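**Q** For reference, the chains in residue letters:
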Amino acid sequence: MNNLVARAKELLNSNSVQVVIGYETGPTGVARPAFITNSEKADRLIYDERCVQNLAVYLTKHEVRKLGKAAIVATLPVMRSIMMLISEQQIIGENLVVLGISSEGNLLDIADIRVMQGIIEKSDLSNPPEYRELLAALNKMSPEEKFAYWQKELSKCIKCYACRQACPMCYCTRCTVEVNQPQWIPVQANTHGNMEWHILRAMHLAGRCISCGECGRSCPVGIPCHLLTMHLTDKVFNYFKVYAGTSDKMSSVMSTYEPNDKESFII
Amino acid sequence: MSDFEPKVVAFVCNWCTYAGADLTGTSRIKYATNVKIIRFPCTGRIDFMLLLKAFANGADGIIVSGCHPNDCHYTSGNFHAKRRWIMFKELMDFMGIDMNRVTFSWVSAAEGARWAEVVNTTVARVRELGPYVSYKEMVNKSVEEEVKNE
Ligand code: SF4
Ligand code: SF4
Ligand code: SF4
Ligand code: FES
Numbered sequence: 665m666n667n668l669v670a671r672a673k674e675l676l677n678s679n680s681v682q683v684v685i686g687y688e689t690g691p692t693g694v695a696r697p698a699f700i701t702n703s704e705k706a707d708r709l710i711y712d713e714r715c716v717q718n719l720a721v722y723l724t725k726h727e728v729r730k731l732g733k734a735a736i737v738a739t740l741p742v743m744r745s746i747m748m749l750i751s752e753q754q755i756i757g758e759n760l761v762v763l764g765i766s767s768e769g770n771l772l773d774i775a776d777i778r779v780m781q782g783i784i785e786k787s788d789l790s791n792p793p794e795y796r797e798l799l800a801a802l803n804k805m806s807p808e809e810k811f812a813y814w815q816k817e818l819s820k821c822i823k824c825y826a827c828r829q830a831c832p833m834c835y836c837t838r839c840t841v842e843v844n845q846p847q848w849i850p851v852q853a854n855t856h857g858n859m860e861w862h863i864l865r866a867m868h869l870a871g872r873c874i875s876c877g878e879c880g881r882s883c884p885v886g887i888p889c890h891l892l893t894m895h896l897t898d899k900v901f902n903y904f905k906v907y908a909g910t911s912d913k914m915s916s917v918m919s920t921y922e923p924n925d926k927e928s929f930i931i
Numbered sequence: 066m067s068d069f070e071p072k073v074v075a076f077v078c079n080w081c082t083y084a085g086a087d088l089t090g091t092s093r094i095k096y097a098t099n100v101k102i103i104r105f106p107c108t109g110r111i112d113f114m115l116l117l118k119a120f121a122n123g124a125d126g127i128i129v130s131g132c133h134p135n136d137c138h139y140t141s142g143n144f145h146a147k148r149r150w151i152m153f154k155e156l157m158d159f160m161g162i163d164m165n166r167v168t169f170s171w172v173s174a175a176e177g178a179r180w181a182e183v184v185n186t187t188v189a190r191v192r193e194l195g196p197y198v199s200y201k202e203m204v205n206k207s208v209e210e211e212v213k214n215e
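Protein chains in written order, with this note's numbering: chain A, 665 to 931; chain B, 66 to 215.
Worth flagging that the hints you see were computed from the coordinates, not collected in a lab.
Every value quoted in this text rests on a predicted model; they were computed, and no experiment measured them.
Keep in mind that the hints are not guaranteed to be accurate.
[As the list claims (entries may be wrong)] Derived DSBU-like pairs: lysine-lysine, alpha-carbon spacing no greater than 35 Å straight-line: (1) B/Lys206 - A/Lys810; (2) A/Lys899 - A/Lys804; (3) A/Lys820 - B/Lys72; (4) A/Lys810 - B/Lys95; (5) A/Lys730 - B/Lys201; (6) A/Lys804 - A/Lys730; (7) A/Lys913 - A/Lys926; (8) A/Lys786 - A/Lys733; (9) B/Lys213 - A/Lys905; (10) A/Lys899 - B/Lys154; (11) A/Lys804 - B/Lys95; (12) A/Lys823 - A/Lys810; (13) B/Lys72 - B/Lys118; (14) B/Lys206 - A/Lys926; (15) A/Lys899 - B/Lys95; (16) A/Lys823 - B/Lys206; (17) B/Lys95 - A/Lys823; (18) B/Lys101 - B/Lys206; (19) A/Lys899 - A/Lys820; (20) B/Lys213 - A/Lys816; (21) B/Lys101 - A/Lys810; (22) B/Lys154 - B/Lys95; (23) B/Lys201 - A/Lys899; (24) B/Lys72 - B/Lys95; (25) A/Lys816 - B/Lys201; (26) A/Lys899 - B/Lys213; (27) A/Lys816 - B/Lys154; (28) A/Lys733 - A/Lys810; (29) B/Lys95 - A/Lys820; (30) A/Lys816 - B/Lys95; (31) B/Lys118 - A/Lys926; (32) B/Lys101 - B/Lys213.
[What the hints assert, rightly or not] Here are a few chain B residues that face chain A, going by a calculated C-beta distance under 8 Å: (33) Arg93; (34) Ile94; (35) Lys95; (36) Tyr139; (37) Ser141; (38) Phe159; (39) Glu210; (40) Val212.
Glycine residues also receive a C-beta, built at the ideal position from the N, C-alpha and C atoms.
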């Protein structure tokens with residue numbers, strides 16, 4: 665990705681941005697996030713199939729904000745996260761340089777939000793193929809099997825909240841999980857409380873999840889918690905015909921309504 | 066199971082369903098006493114977590130009810146609630162939590178007889194389903210996990 669490095673250097677040298685958020689190779693050979701503030705260090709930047717982490721999560725962190733104006737290496741999920749964060753007024757689009765990466769891994773020329781929006785609109789926005797099989801298999805189970813499956817999975821949860829920390833849309837400075845008056849979610853990790861935590865998280869991400877899969881990847885005990893939010897992504901599209909992170913102007917599905925929203929269960 | 070009396074919790078809005086339930090009473094219409102009514106300002110205020118807390122604390126069935134569309138005292142609370150329930154129900158179905166135990170309804174202040182019917186049909190349905198054993202078991206097991214970890 666020589667042109668990524670060159671572009672990063674150019675941006676830093678001209679002081680157009682003060683930090684480039686991208687990926688570098690960590691000591692064990694995995695890709696990890698890099699925050700490049702000096703053009704001499706820009707050679708570290710990489711982009712390859714190891715670079716899967718959703719970097720947009722850093723845009724709302726004050727440690728990163730205080731570095732100054734940022735450029736960010738952005739694959740489709742990152743671009744969609746950026747759209748969500750702009751539409752929820754967490755970041756300002758003009759203050760950000762997007763170093764877009766195409767699905768083939770090439771650097772895209774993204775001059776502004778409109779260009780980014782065009783790229784997003786041309787992409788497949790449904791849940792990525794690698795998750796569809798498991799989602800379909802779960803949907804086919806009986807209610808008893810589903811309940812058993814989720815109890816088994818969620819019994820492993822140690823409430824480390826990595827899934828929350830890794831999600832760009834979980835930027836709340838005081839998450840409901842930390843509220844103790846009332847105590848919505850028990851502090852201890854047990855199957856029932858873990859289930860309540862995951863229902864809460866999934867509901868908060870309904871219509872906001874952009875299907876990056878980062879929450880599931882970040883879980884140290886391998887709970888596929890991304891399937892909960894991705895299932896709702898499917899449902900949001902079925903009912904309301906929208907995908908999250910497609911416009912900087914949209915309000916998320918759960919903060920708006922249409923008088924003629926259709927359902928079949930309210931008597 | 067013949068002596069099973071379902072516990073049903075009803076989350077209702079102040080302006081329509083609660084007033085409707087009042088009318089049921091003042092009209093002297095009898096209905097199942099299994100229901101415990103909890104009054105909220107609006108359906109928009111009925112957090113989905115409250116439904117989970119009801120199940121966790123022993124409810125076998127739940128009713129959620131408020132003003133008919135276009136009649137919300139705060140104009141749009143019930144429209145927002147509707148979207149929330151659509152998503153909540155889909156999530157519960159995906160996780161195998163029994164939504165047959167939950168009735169969602171619109172009952173106005175003038176529908177005293179209808180409130181009695183909503184309660185009676187819900188209680189009858191939950192009676193048929195029996196106690197919500199699988200949820201209670203999960204909660205109890207979790208308490209045991211807790212004691213073991215102490
Ligand atoms: S789980 Fe909900 S409250 Fe917590 S950070 Fe995410 S969106 Fe915010
Ligand atoms: S897949 Fe997970 S981390 Fe990614 S946007 Fe959805 S909830 Fe957040
Ligand atoms: S990352 Fe995994 S273990 Fe940690 S809170 Fe989330 S689901 Fe639980
Ligand atoms: S006041 Fe009854 S639903 Fe809003």
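**Q** Does each hint hold? Answer for all of them.
**A** Results for each hint:
Under the criterion of a C-alpha separation no larger than 35 Å, the hint pairing B/Lys206 with A/Lys810 is consistent with the structure, at around 18 Å. Restraint check for A/Lys899 and A/Lys804: satisfied, since their Cα atoms lie roughly 15 Å apart, inside the 35 Å limit. Pair hint A/Lys820 plus B/Lys72 holds up; C-alpha atoms about 31 Å apart against a cutoff of 35 Å. Taking the CA atoms of A/Lys810 and B/Lys95, the gap is about 39 Å. The hint is violated against a cut of 35 Å.
Only pairs whose Cα atoms come within 35 Å are accepted, and A/Lys730 paired with B/Lys201 is rejected, the gap being roughly 49 Å. Our distance criterion of 35 Å between C-alpha atoms is broken by A/Lys804 and A/Lys730, whose separation comes to about 48 Å. A C-alpha spacing of about 24 Å is found between A/Lys913 and A/Lys926, which places the hinted pair at or below 35 Å, so the restraint holds. For the given pair, A/Lys786 sits about 28 Å from A/Lys733 by alpha-carbon distance, which is consistent with the 35 Å threshold.
For the proposed pair B/Lys213 and A/Lys905, the alpha carbon gap of about 47 Å is over 35 Å, so the pair is violated. A distance of roughly 11 Å separates the Cα atoms of A/Lys899 and B/Lys154; the hinted pair therefore holds under the 35 Å criterion. Note on A/Lys804 and B/Lys95: the hinted pairing is violated, with a Cα-Cα distance of about 42 Å set against a maximum of 35 Å. Straight-line distance between C-alpha atoms of A/Lys823 and A/Lys810 comes to about 21 Å, which keeps the hinted pair within the 35 Å bound.
Restraint check: the Cα-Cα separation between B/Lys72 and B/Lys118 comes to about 13 Å, which is no more than 35 Å; the hinted pair holds. Distance check on the hinted pair: B/Lys206 and A/Lys926 sit about 38 Å apart at the alpha-carbon level, beyond 35 Å; violated. For the suggested pair A/Lys899 and B/Lys95, the alpha carbons sit about 40 Å apart, so the restraint of at most 35 Å is broken. Restraint check for A/Lys823 and B/Lys206: satisfied, since their Cα atoms lie roughly 18 Å apart, inside the 35 Å limit.
Under the criterion of a C-alpha separation no larger than 35 Å, the hint pairing B/Lys95 with A/Lys823 is inconsistent with the structure, at around 47 Å. For the hint linking B/Lys101 to B/Lys206, the alpha-carbon distance of about 26 Å falls within 35 Å, and the restraint holds. With a CA separation close to 27 Å, the supplied pair A/Lys899 and A/Lys820 stays within the 35 Å bound. A hinted pair counts as satisfied when its Cα atoms are at most 35 Å apart, and B/Lys213 with A/Lys816 qualifies at roughly 18 Å.
With a CA separation close to 30 Å, the supplied pair B/Lys101 and A/Lys810 stays within the 35 Å bound. Simply put, B/Lys154 and B/Lys95 have alpha-carbon atoms about 30 Å apart, close enough for the 35 Å limit, and the pair holds. Simply put, B/Lys201 and A/Lys899 have alpha-carbon atoms about 28 Å apart, close enough for the 35 Å limit, and the pair holds. The straight-line distance between the Cα atoms of B/Lys72 and B/Lys95 is roughly 17 Å, inside the 35 Å bound, and the hint therefore holds.
At most 35 Å may separate the alpha-carbon atoms for a hinted pair to count; A/Lys816 and B/Lys201 meet this at roughly 16 Å. The straight-line distance between the Cα atoms of A/Lys899 and B/Lys213 is roughly 39 Å, outside the 35 Å bound, and the hint therefore fails. Restraint check for A/Lys816 and B/Lys154: the C-alpha separation of about 21 Å stays at or below 35 Å, so the hint holds. Straight-line distance between C-alpha atoms of A/Lys733 and A/Lys810 comes to about 46 Å, which puts the hinted pair past the 35 Å bound.
With a C-alpha separation of about 48 Å, the suggested pair B/Lys95 and A/Lys820 falls outside the 35 Å cut-off, and the hint is violated. Straight-line distance between C-alpha atoms of A/Lys816 and B/Lys95 comes to about 44 Å, which puts the hinted pair past the 35 Å bound. For the suggested pair B/Lys118 and A/Lys926, the alpha carbons sit about 27 Å apart, so the restraint of at most 35 Å is met. Note on B/Lys101 and B/Lys213: the hinted pairing holds, with a Cα-Cα distance of about 34 Å set against a maximum of 35 Å.
At about 24 Å, the closest approach between the beta carbon of B/Arg93 and any beta carbon in chain A exceeds 8 Å, and the interface hint on this residue is violated. Interface hint at B/Ile94: violated, since its Cβ lies 18 Å from the closest Cβ of chain A, which is beyond the 8 Å cut-off. Taking 8 Å as the C-beta cut-off, the interface hint given for B/Lys95 is violated, the closest approach to chain A being about 21 Å. For B/Tyr139, the interface hint is violated, since its Cβ never comes within 8 Å of a Cβ in chain A; the closest pair sits about 13 Å apart.
The closest approach between the C-beta of B/Ser141 and any C-beta of chain A is roughly 7 Å, which is under the 8 Å cut-off, so the hint is satisfied. Taking 8 Å as the C-beta contact cut-off toward chain A, the hint placing B/Phe159 at the interface holds, the least distance being around 5 Å. The restraint placing B/Glu210 at the interface with chain A holds, with a minimum CB-CB distance near 5 Å, inside the 8 Å limit. At its closest, the beta carbon of B/Val212 sits 10 Å from a beta carbon of chain A; the interface hint therefore is violated under the 8 Å criterion.
Hints 4, 5, 6, 9, 11, 14, 15, 17, 26, 28, 29, 30, 33, 34, 35, 36, 40 from the earlier list are contradicted by this structure; the remaining hints agree with it.
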